[in-house]
Every structure is written in structure tokens, then in C-alpha cells.
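Protein chains: 2
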Amino acid sequence: MAKLSPDEIVQLFLAVAALLAMGRTLGELVRKLGQPSVLGEMLAGIVLGPTVLGALAPDAMHYLFPAAGNVPIALDALTTVAISLFLLVAGMEVDLSTMFRQGRVAIGVGFGSTLLPFALGFVVFYFGAANGQSDQSSTLIFALFMATALSISALPVIAKTLLDLGMYRSDIGMLIVAVAIFNDLVGWIVFALVLSLMGGGHGHRFEVGETVLLTLGFAAAMLTLGRWLINAVLPWLQAHLSWPGGVLGFALTITLAGAAFTEWIGVHAIFGAFLVGVALGDSQHLRERTRTTIDQFVSFVFAPLFFASIGLRVNFVADFDWVLVTVVFLIACAGKIIGSGVAARLFGMPARQSWAVGFGLNARGAMEIILGLLALQAGLIDNRMFVALVVMALGTSMLAGPVMQRLLQRKKSRRFTALVGAGSFVPELRATDRFKAILELVPVSGAKGVDLAKVADAVIERERLIPTGLGNGIALPHARIKGLASPQIAMGISKQGIDFDSPDGEPAHIICVILTPEDDQNTALELYRDILSTFKDKAFREKTLQVKNYTELLALLASVTANHPGEATIAPPAPAG
Amino acid sequence: MAKLSPDEIVQLFLAVAALLAMGRTLGELVRKLGQPSVLGEMLAGIVLGPTVLGALAPDAMHYLFPAAGNVPIALDALTTVAISLFLLVAGMEVDLSTMFRQGRVAIGVGFGSTLLPFALGFVVFYFGAANGQSDQSSTLIFALFMATALSISALPVIAKTLLDLGMYRSDIGMLIVAVAIFNDLVGWIVFALVLSLMGGGHGHRFEVGETVLLTLGFAAAMLTLGRWLINAVLPWLQAHLSWPGGVLGFALTITLAGAAFTEWIGVHAIFGAFLVGVALGDSQHLRERTRTTIDQFVSFVFAPLFFASIGLRVNFVADFDWVLVTVVFLIACAGKIIGSGVAARLFGMPARQSWAVGFGLNARGAMEIILGLLALQAGLIDNRMFVALVVMALGTSMLAGPVMQRLLQRKKSRRFTALVGAGSFVPELRATDRFKAILELVPVSGAKGVDLAKVADAVIERERLIPTGLGNGIALPHARIKGLASPQIAMGISKQGIDFDSPDGEPAHIICVILTPEDDQNTALELYRDILSTFKDKAFREKTLQVKNYTELLALLASVTANHPGEATIAPPAPAG
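Residue numbers (the working numbering), protein chains in the order written: chain V, -3 to 573; chain U, -3 to 573.
Chain V extracted, bound-state conformation:
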């Protein structure tokens, strides 16, 4: 059998390592700035590809990512598998029951948010200048593709934004999610149809009509019979095969088989992977842990690899066309925001909420980029249009959060971890009673422009009136302080425990002094809630007591956030987006 030479293995491994390292690093960086990690992952490819590295050190780039030979083939194989698994996860997030539960309104708003951008996109790109179309494609199919591309939404970005705003489980949150699911599902099926219209698939194995029928038939079968079969088989697999290997192997096998089938009929492999994901994710027998294992590997390994590899294919500077970027961006926003907003108004939503729905659904995220890449590879659009679609996808995703927040006058819920710094953490309190503990913690709280002695008095005064031992070994002394500009926390740990007069009679081990501005009525309560819920688990509290320094504390706190079971299902830590 043909195989890679040792030198090719070296090149391949270095290429993958470079993409992964750069993708993860920039992905983390942009997340710190509150942006979706796909932005950083794409930037990684831009840095390593022709746009930056190719301009600065073309030899290095050509060594890492040669254009011909076995290495690009191997890399293409890895990224094709990666994107198929990414779509598997994206499909698993499509929760059909959420969509059905929201019923009439979801489908109404769903149609509005799909039809207007679709119509607008079709008209502009069919009758307008066929700018950005590649030479060999038909204008009709090009316009159909653009219409589809403009009408999808990015479920993961939307879910993440809603979570950040603490609105995921609110009525409007569930509605937006349901509509996004509808969009996703309809968008992918329409896109598959567009691909199938391109002369019956790449291989010309089937007539156009046959490919269309096969595509629809496969989608229908997977969403009915396939769903049912998978749901029936899973309990048996979990009972009789080793865990989680049985389910894991099964999931990947049917994903690859489904992907091979759709590729074979002439639409892209990822469409099959997506539908298998929908059918699989819908089963109530799929365990949370299996979901998480697939999710984590895909979100943190395959997704960065794939998105970084995109930047290798296109020069984002040379192919950046201001006019095209602006036109695509404006049409995309106009169609989606107006379409969704008006539909939401028609279904009786208040104005601000309706526009918030519009801006939320406007986020295109990773899905748009994948769609664009497939169109580029299929010869439907040229490089300039691909760049315009990528810019639009990232721009709309970055816009969604801030605008929704402003429209709904929501604040991101405050995390106490953001307020505990290296200087305001005392891993081993010396104090043996609660007043001394307060005196020990107030000076490190980082409160500025106030008299710390007075602050300590205020906290002690309040502690005397209302003891703040809350049980479970937690005490949260607190005062509202005149002249304090922003909330401050000093956190201390007492191994032997300090009596804070708590209702359960237990001494406190985790003590956080919370200082808030005098006119701020809510923050303290939010922080209380956050701290109590963070430390609600006994085993976790015990681990906290073992912490030796600030870095270890952060590491421990980071683990609990990522583990939060409710959040994991609906939005993996750094997903798709």
C-alpha cells in the first residue's frame, strides 16, 4: 500500500501541530476578549497561511504546507474528517423537541427569519451584478446559494450569547434557540439541494432530479426512521458493550457512513454527518458523558484544526474587496434583522424584544464559513466572495451579544471569580475569630479611594448585627461602602475554620469579604448567589481547602465552570460559534 515517507510524516505532524497550537492559542485569546473562539481559530490560519506567513517567510510556509504531493492530501483527509465530526456535534445540538415545544411562534418567526434574507439575497445576486460569482457557475445556482447563505443562523453562537446574558432559559431565549434550530435544519437541507442542483453532484453519478430526490429522501429518513432506530439501538449498546466505547464507536461509524452516503449521492459529506448528529442527539438514551467526550474532542481539537486550515487556502488581504464585503454584510443584516424582527412583532412581541430576536438570529458564526468554503470548493463562488462571507459571519457574530444586551438592558451576570485577584486571595488566614478575619481581609480587598479602617469597621458593624456564616463552611461578610467605585472581594481560606455563627453551627472555611458601592443594590446579592452555587458541592469545598496559591485556585474554579452540567449540553465551552 502507498504510504507517507518519513519526511512527509515530519511535515504532516509539524503542520498539524502548528495549526492546532496557533488555533488554540488565538482561540483562547479572542475568548478572553469575549469573542467567539472561531474568530481566533480562523486568524490562526490567516497567520500561518499566505496572508501573513506566506508574505513574510514564503519558504517556511511552503515547507509546512506544501501545495502538492502527499502532505496536502493527508492534511485534507484530516480536516475533512474533522469538519464531518464538527457537523456531527452541531447536529447533536439541534434539539427537535425544543423546536416543537415552541410551536407556532417558532415556526412563524423561523419562516420570517429565513424567507426575507433568502428573497433579498436571491434578488440582489440574481438581478444585480453577479459579483463574486466564479466564472464557471450558473447565475441561478449562484443566486440560490447566496440566498441560502444569507438565511442561515449559527445556533452555537446564539446559545453562548444567551447563556452569557443569563437568558438561555427565559421565554425569549428558548424562542430564539428554537428559531435558530429551525433555521439550521432548513438551511442545511436547502443548501444540500443547491449542491445537488449543480449538475447532479460532482461525480455526475446521478441526474439532478435523482440527486434532489435522494437528498430529500435521506433527510426525511434520518429524521424519522433513523432517529427511531438509533434511539432503539442505544440502550442495547450501552447495556451490552463496554462503556463508553460501544456508543462512541457506533456514533462515529454511522457518522462516517452517513457522510460517505451523502458525498456519494453528490451533496457534501458533512450534510450526512449533520443529519446523523440530529438523529443521534435527539435520543434520550445518549448519555451526557458520551456527548461531552465527543464534544470536547471536537471543540478543542478538530474544530481549531479545521478552522485554522481554512486560512491556508485564501489570502485574506489580496482577496479583500471592500465593496463586496460591505454589500454582503448589509444585505445579510438587513434581511435577517428585519425578517426576524417583523415576524416577532407580528406574533405579538414587544418592540425591543423583537429586535433583540433579530440581532440574535443575525449571528452567522462557523456555519456560514463552512457553507462558504464548500461553495468555494465546488466552484460556485470566487475567493473574494468567500472572504466577504467570512467577514460577514464573524462580524454578525460579534455584533449579536452587545446589541442584544443593550436592547434587553441585560447585564452579564457577575462572576465573583472576576473580582478575586492574586492580591486579594489569602490561601491561609491567620485569624481565629470572625472580626480578626475581616480585619485581615479588608486591607487586601483592593478597595481604592476609601479609608480601609472605616471600611473594616463598617463590615464588622454589620457582621455584629447580622452574622454572615451561611452554612456549608461559607461566610460572606459584606458592607455597602460610600465612595467605593466598583465591587471588591477579598477571599480567604481558613483550614481550622472560624465561627461565623452560621445556622448549621459549622465553622466557616471559605470567607469572602464583599464590598459594594453604596448605591449598588443588586451586585452583592448576585455575588452571594454565585459564590454559594460555586461551592455547593462538598467534595469541591474540600478541594478548595487544599489550594495553596492563587493559580491553583483559578485552576480549580475553571474546572467547576466547565463542568456545570446544564451548560455543557446546550453550549460546549468553546464551540462552533
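FYI, nobody ran anything at the bench for these hints, they're computed from the structure.
Any given hint could be a false lead.
Identical chains blur together in the list; that is why a pair holds if it fits in one copy or across any two.
Only pairs whose alpha carbons sit at most 30 Å apart, straight line, appear in this in silico DSSO-like list of lysine-lysine [to be verified]:
#1 444 - 544
#2 491 - 532
#3 491 - 534
#4 432 - 544
#5 444 - 28
#6 491 - 432
None of the values given here were measured: they were computed from a predicted structure.
Please arrange chain U on chain V, whose structure you already have, making use of the hints.
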């Protein structure tokens, strides 16, 4: 950039799906028979490759696994990545501190168990007929390779066997594990040296001496500086990056980089991956969950893919040489068993235990197969020798468990799950008191050749004397029954709870009637212990109460076995082999 055509994507996906599906299926099958899953995974390749499918339906085999073109290149890329990650996990299991803790004896037995097979192998294959050597290799290097191949042990098989016998944490268990770790480490370094002796690496980039120095230097650096650096960096990564993505991305990046480096200096990529694994696994900051996530993906996806792909390369019928197979098998067993056994005797171990150590270390498992494949690819051995090594690896692994069990007169600890069948599980007991519960459960217990009414009387009689409510909602009524051939359990669940007079005053919800033969003094106690430890977790007991049928019960019980934290570290569910 060069890329795969749609038809090639279809072929590639089908090939991977076939390998994965067949590998997992046969892997599970042989596990049910108590054999290491690598045996089934290899069989999968034999079935899909030239040996079976190639003989029955050559066209189908050539379509799935073409010999030339882009598809085999893509498949080779995937399996090369897969085997590198497998070695990462194997390296992570090498616990240096366990080795050091066992100190003098471990290193003494380690030398014995390495040197004798090494010397024996070298002498036989250097002076004996150079049978199985490929034409182009030097006899010295061939003999050195054979000597190395005979002297390694398979840590995962050994760990799994010891766990099955309930001896992992015993003195002799820890000694065997420590010696196996020593063997693994020394074996791989020597093998890398043998590879480097082959004319300074494949690429002739370095002189032989340079490659040897680079190999030793890299190993030394990874085990000292590399270990220290990784341990220093991990807490920072866990504190500042998203979890577990930060660590996951980091681990895979350094694995690929280390692998690329060793491939570049002229020894195989997997050597670098293995050493990175050792350094990484040694860090006390590496979280259990990160370990498990990597482990599960590798054990259940990458390992089956890789081992199944081996069968594609060789015809195991045509290249099966009885003489060679017998010679290799006998020399391997003689050298290892005598070398380890005698060394253990010299360090003062009793005879039976010494030979048990010898047979335990005799298991070669997956490591031998990988070594053989590399030697085959490097042109060091021919197909017949490769087949002989594979047979030896599988044979010694299958032998280890039964022989150790007999020598140490150990029984596999009995699992109550093996005794609860579909017929002996009552998901909803009607009984409202303990005697009625016993009367309801005894008839379904499956006890044969005995009078069930008398059996029930005996259980009730004993229950009257010693109530069997054990607290935590569990009751285990029991009697030893004359004429009963083998132990029987009937398990019932009572949602409302039945008073079994338990010390904590709580009613019992999980009730298992345990019947054992009259002369069997130990089984009941073992089963007690197993049931209590299975249901020790409150959340798990609550899930048990929700179970609606036998399949769901099995699925639930399967999850707790796989999740058992202590076991997961030392032996992943279906590992390496």
C-alpha cells in the same frame, strides 16, 4: 492545494467506517470471552484485508482499500496519527513514581526479565538461521531487534489481568507493574537505538552516531527537563485557558511536535509520542478527567482503527510459518518466564509467586505488534516474522491471566451482575413486607434442582434470625442451600420501600436474594461486598430506582463499572491489550 476528490472521500470514509465498525465489534466480542480487545481489533483487519475479504471478494477489498492513489495515503496519515496518540496514552500509563517506589526489587527483577530474553533472542537470531530476516537488513541489527522485541512486556495487558484477579494493589501486583514499567521504558529506548543504528535513520540526515546521541539525549531531556517543564506549565494552563480545551490542545500539540522530532532524527514518530506521554502522565497536575477524555477517544476510536489497519497489510494465512511461529513463541516464553522468575526467586519471593511474576511479564500485547510493524516497515523483518511476532504477542497475552490465576490460586472476583439475568430481575416488586418480598424473588432466582418452597423457607428463616437490611436502602436476604449447584441471585426493586429492619431505619429499595451452595463459604461475602460497593453512591441508587427493565439495568450497571475512578487510571476500559 492538492485535495481528495469526492469519490476518494467516499472511499476513505467507508474504509474508516468499516475498520472502526469491525474493529469495535470483534473487540467487544473477544472481551466477552475474557480476551484482550486488541485480539479482536487485529482480527477485524484480518477479516477485511487480504487474508479473508481479499480471498473471498477481492474487488470489494480493492475498492475499500486501494493499494495506490490518494486513499491509502490518507488512510496512512490517519493511522499514523492514531498510533502516535495510542503511544501517548501508553506513555501516560508509565508511572515513574510507582517504579521508583518499588526500588531495588523492581529494578533487579526488571533486569532479569529484560536481560535473559534479550540475550537468548540475540544469540538465537544472530547465530541461528537468520530465518524471517528481510533480505536487505544486516544480521546484527536484525538480531538486536529480535532481542529487543522478545524482552519487552505489555503494561496494559498486565494491569488489566491484575485488576481482574483483584491483585492490582497487592504487593506482588505493584511489583509486577513496576517491572513492566521498567521494561516498557528500557525496551522502547533500546528499540529506538536499534532503529537509529539502521544507517542513521531513513532519511540519512544524520550519521549513525549522531542519531544514537540525539535519541538518548531526547529521551534523557524528556524524562528530566521535559517532565519538569510540563509539570510547571500545566497549572498555569488549567488556570488561564478554557477547560479541558487548554490542556487537551497542549497535550496533542507537544505530542505531535515530539513525534515529528523523533521521526526527523531518524527513529520513529511514536517514540517521541511515547516519551511525551511519560512526561505528561507523570505530572500530578494532570486532571483525571483530561486523562479519561484522551484515553477514551484513543482506546475506543484510534486504537481499533490502527490495529484493524494492520491486518490490511499482511496475509496472515499465506505468511503463517509454523516453524517460525513455534520458535519465536518458545524463545519468547522461555527467556521471559525464566529470566523474570529466577530474578524474583533471587530477591526472595516464594516459588509460585515468582513464576506468576514470570507469566505476568510474559504478556507482550499491543506493544509487540507495534514494534513488529515498525520493523516490517523499516525493512528489518519479513512478513512471516511479522506474523510470528503477532501470534506470539497475542498468545502470551492470552496465557498470562489463566496461568497467574492458577499459580496464585486466585479467583476472578465474582460480580453480582454476572448472576442477575433478564429472568431474575423484578423492576417493580409488589411485596410490601420483607417475607413477601423473599417469596416473590426466590421463584425467579433460577435455582435448579432444588425445592423452591424449601429454599424460600430457608431464606425467611435466616431473615427472621438476622435481618438483612444493611442501610442505604439495600437488603440482601441470603441462605446457603443444600443441592444448589451454583450461586444464584434474584434482584428486585421496590419504589415505596420495604422495611428490612436496617440499622439506619430506612426502608430497603434494592433487594437481592442471594442463594449459594451449602459448601461455598466465600461467594456470598464476595457478592455482599460487590453489591454494597456498586450501590454505595446515593445518586446512583436513585437512578437504579428509575430503571424500567433489565436492559436499562444493565446499561446503568455498565456505566458504573466504567466510571470507577480508581480503575480508570490504571487500566482504561478496553485498552492497549
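Hints and how they fare:
no., hint, in the structure
1, 444 - 544, "within (27 Å within a copy, 61 Å between copies)"
2, 491 - 532, "both (18 Å within a copy, 28 Å between copies)"
3, 491 - 534, "both (15 Å within a copy, 28 Å between copies)"
4, 432 - 544, "within (21 Å within a copy, 56 Å between copies)"
5, 444 - 28, "within (25 Å within a copy, 67 Å between copies)"
6, 491 - 432, "within (15 Å within a copy, 51 Å between copies)"
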